[in-house]
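There are 2 protein chains.
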Amino acid sequence: MNVPSQVLNPPCRTLLGAGPSNIHPRVQMAMAAPLVGHLDPYFQTIMDDTMALLRHLFRTENKLTFPISGTGSAGMEASFDNFLEPGDVAVIGVNGVFGERMVDNAQRTGATVVPVAAEWGDIIEPAAVEAALKAHKKVKLLALVHAETSTGILQPLGDMSKLAKEYECLLLVDTVTSLAGHEVAVDDWGIDICYAGTQKCLSCPPGLAPFTANEKALAVSQKRSHKAHSWYLDLSLLSSYWATGRVYHHTAPVTMVYALHEALALIAAEGLEARVKRHLRHGAALQSGLKAMGLVLHAREEYRASSLTSVRIPPGVDGGRVIQRLLKEFNIEISGGLGPLRGKIWRVGLMGHSSTGENVILLLNALEKLLLEEGYVVERGVGVTAAIRSLNA
Amino acid sequence: MNVPSQVLNPPCRTLLGAGPSNIHPRVQMAMAAPLVGHLDPYFQTIMDDTMALLRHLFRTENKLTFPISGTGSAGMEASFDNFLEPGDVAVIGVNGVFGERMVDNAQRTGATVVPVAAEWGDIIEPAAVEAALKAHKKVKLLALVHAETSTGILQPLGDMSKLAKEYECLLLVDTVTSLAGHEVAVDDWGIDICYAGTQKCLSCPPGLAPFTANEKALAVSQKRSHKAHSWYLDLSLLSSYWATGRVYHHTAPVTMVYALHEALALIAAEGLEARVKRHLRHGAALQSGLKAMGLVLHAREEYRASSLTSVRIPPGVDGGRVIQRLLKEFNIEISGGLGPLRGKIWRVGLMGHSSTGENVILLLNALEKLLLEEGYVVERGVGVTAAIRSLNA
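Just so you know, the sequences run in chain order W and X. For the first sequence, this note's numbering puts the final residue at 393, and the numbers step up evenly by one. For the second sequence, this note's numbering puts the final residue at 1393, and the numbers step up evenly by one.
It is worth saying that the hints were derived from the structure and are not from the lab. Idealized CB from N, CA, C, for every residue including glycine. Any given hint could be a false lead.
Sample of chain W residues facing chain X (criterion: CB under 8 Å; computed from the structure) [unchecked claim]:
id: 1; residue: ASN22
id: 2; residue: ALA33
id: 3; residue: VAL36
id: 4; residue: THR71
id: 5; residue: ALA117
id: 6; residue: ALA118
id: 7; residue: TYR167
id: 8; residue: GLU262
id: 9; residue: GLU333
The calculated lysine-lysine pairs, modelled on DSS-like cross-linking and capped at a C-alpha distance of 27 Å, are [claimed, not checked]:
id: 10; chain 1: W; residue 1: LYS223; chain 2: X; residue 2: LYS1227
id: 11; chain 1: W; residue 1: LYS137; chain 2: W; residue 2: LYS227
id: 12; chain 1: X; residue 1: LYS1227; chain 2: W; residue 2: LYS138
id: 13; chain 1: X; residue 1: LYS1134; chain 2: X; residue 2: LYS1223
id: 14; chain 1: W; residue 1: LYS223; chain 2: W; residue 2: LYS63
id: 15; chain 1: X; residue 1: LYS1227; chain 2: W; residue 2: LYS227
id: 16; chain 1: X; residue 1: LYS1162; chain 2: X; residue 2: LYS1223
id: 17; chain 1: W; residue 1: LYS216; chain 2: W; residue 2: LYS165
id: 18; chain 1: X; residue 1: LYS1137; chain 2: X; residue 2: LYS1216
id: 19; chain 1: X; residue 1: LYS1140; chain 2: W; residue 2: LYS227
id: 20; chain 1: X; residue 1: LYS1369; chain 2: X; residue 2: LYS1344
id: 21; chain 1: X; residue 1: LYS1291; chain 2: X; residue 2: LYS1328
id: 22; chain 1: W; residue 1: LYS227; chain 2: X; residue 2: LYS1223
id: 23; chain 1: W; residue 1: LYS134; chain 2: W; residue 2: LYS165
id: 24; chain 1: W; residue 1: LYS140; chain 2: X; residue 2: LYS1227
id: 25; chain 1: X; residue 1: LYS1291; chain 2: X; residue 2: LYS1223
id: 26; chain 1: W; residue 1: LYS134; chain 2: W; residue 2: LYS223
id: 27; chain 1: W; residue 1: LYS227; chain 2: X; residue 2: LYS1138
id: 28; chain 1: W; residue 1: LYS328; chain 2: W; residue 2: LYS291
id: 29; chain 1: X; residue 1: LYS1291; chain 2: X; residue 2: LYS1369
id: 30; chain 1: W; residue 1: LYS223; chain 2: W; residue 2: LYS162
With the rest of the complex left out, here is chain W (with noise of 0.2 Å):
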């Protein structure tokens, strides 16, 4: 039989684009550390560490705190799934991609869901949410994006806390774009559940997802009139392995949880503090420079992810061209917009090891050429020239 198989010879790119981010040749060296078992005490000692290490990262103190073995998609889903059933009310935050997501992972537990939108772009309003919370009488889960990939968007949760308070609600936070790129304080912050992925800000390959649930969480999943849909999710299970005995479940990826470790030590080493600043002087200095040109950002100004940024696609550009040639040419990856803002905007990522100072001057002086080169006005260098003005500010 003949089997097609190329010999693995992977570009080098400089991954500019919503995710994966680049990773630092300490994770990737990582993952070729010698394998050893799920249940093999050395590998005890790793899941322990990471645990602990992610409590630092998620300012947490709650003891279920692991990664899920699956992307981030599974750690929203097992955000839901353990905590929703049917005759349950969701309100769920709408304003881009991932909120949409959530609504579809909710509706699948049976639940009733009760969607607050706003433009893809704009913040949710409290108020809205209030309303939502007002008009149904018994909302059991409060479902919110902090960094909505697909726009750009950096939700505030201040007064979303306040009200999940008020109205008894579990607050539900989706953090796979801002984890360790902007400030996420769990247990201050009065998040009850929250997810991310391993491949943006923490700059690890994808594949985990890193979880944390305090004790009000996990006394409402357990008082479910029935099993949880996913027995793969099942945080019951899952407690079991990671936090309370070790009993075996699924069998861990170890090399993953080898790769999420070093990321993890990484992040401590640099310290959160210096890291989240890190991200808003790249992130400021990327906007000073696209602004520069004459480009216009698209999530609201007051607003916006330094992760992640929005910048609208000027009228006359192909968008998808750009995205191509930039790949092609300069081995830089950005990313296209989703769903209505497909064709409308492009994506950039500044994320983890991504996120330098060398990387935005590299992208702005790129995109200029190929912009001047698809026939859009621009005076050279003027990107390039604010950008460093930011980053030297």
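Fit chain X to the given chain W structure using the hints.
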């Protein structure tokens, strides 16, 4: 904040447990290859290659053949959640932990489950399955475990395939511990849905679940009255990403796919027939050696897997202590029993890269030494001698 964190430095184990198995250095290095985006044109060629190599391994023409982004258990969940819904009836063979897990998975879909039980260490009898199929009017799905990892039984599938045809139900087979170690012929054997794990005979780290389903199965899943419970494992969405259009669903675990691609290329290079023979030869040698030492093999004689051997712990010997000493003194991992077999058997895997004559001799020699020290009477060298005789036969 003080964050405990050790430097990653795993010991070099000889992995002869129930999985993971040792991985080839080429697979190890593949994970350190440059990370690219999950929608990168380069990665799409690796996806295509991986699918072609998986089809070769599963011996199928099924278009929908790809790795699910989770461990083998996620493969199991996808195999039930996409095909069963409330009102459906599933007949499931249960002669070990993984049959039990199938029942749990199937029940969570809301379907009615009819378990067909057998002793843990015996096969499921076709007559018992036929009785169950007869007793229930319209059975939608018949599920069996090919190699039961908890007992070391290899289930013959010929009669089961005929029964599935006769009673017009889908045939679902778990090949987690058989694929790439035993003969698995999805199309020839009339298997409609099949999944495996990467960390057994494929010798790739845990984290992905090779999966295949034919057109008949897909048609059944498309006739569902409502969506699958799982968004993450929804075949209609996964199919759009992997098989039909590269439509973004979740972020594929890129480095794990690199590893799987490399592991599959190694399998294709060895040849399926040669690989199965290798597993048979080493499984037989191990079993000869264990018998020569006076130990009793647990699984029924004519139906023993070569990838996983279960052997009874002799009276008076502390089985757990032997496992711990093998790990501490010899860096060899073997597994204990699960469920009702806990404390009663050891399980020795000879899977993929771990299935070598050297490992057979290494283990038998270490086991003899330890058993003697633990008070079991055995003539020093009989096990190794019998194994060598078997290897040379």
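task = Starting from the hint list further up, note which numbers the structure goes against and sort them upward.
result = Hints 5, 6, 7, 25 contradicted; others consistent.
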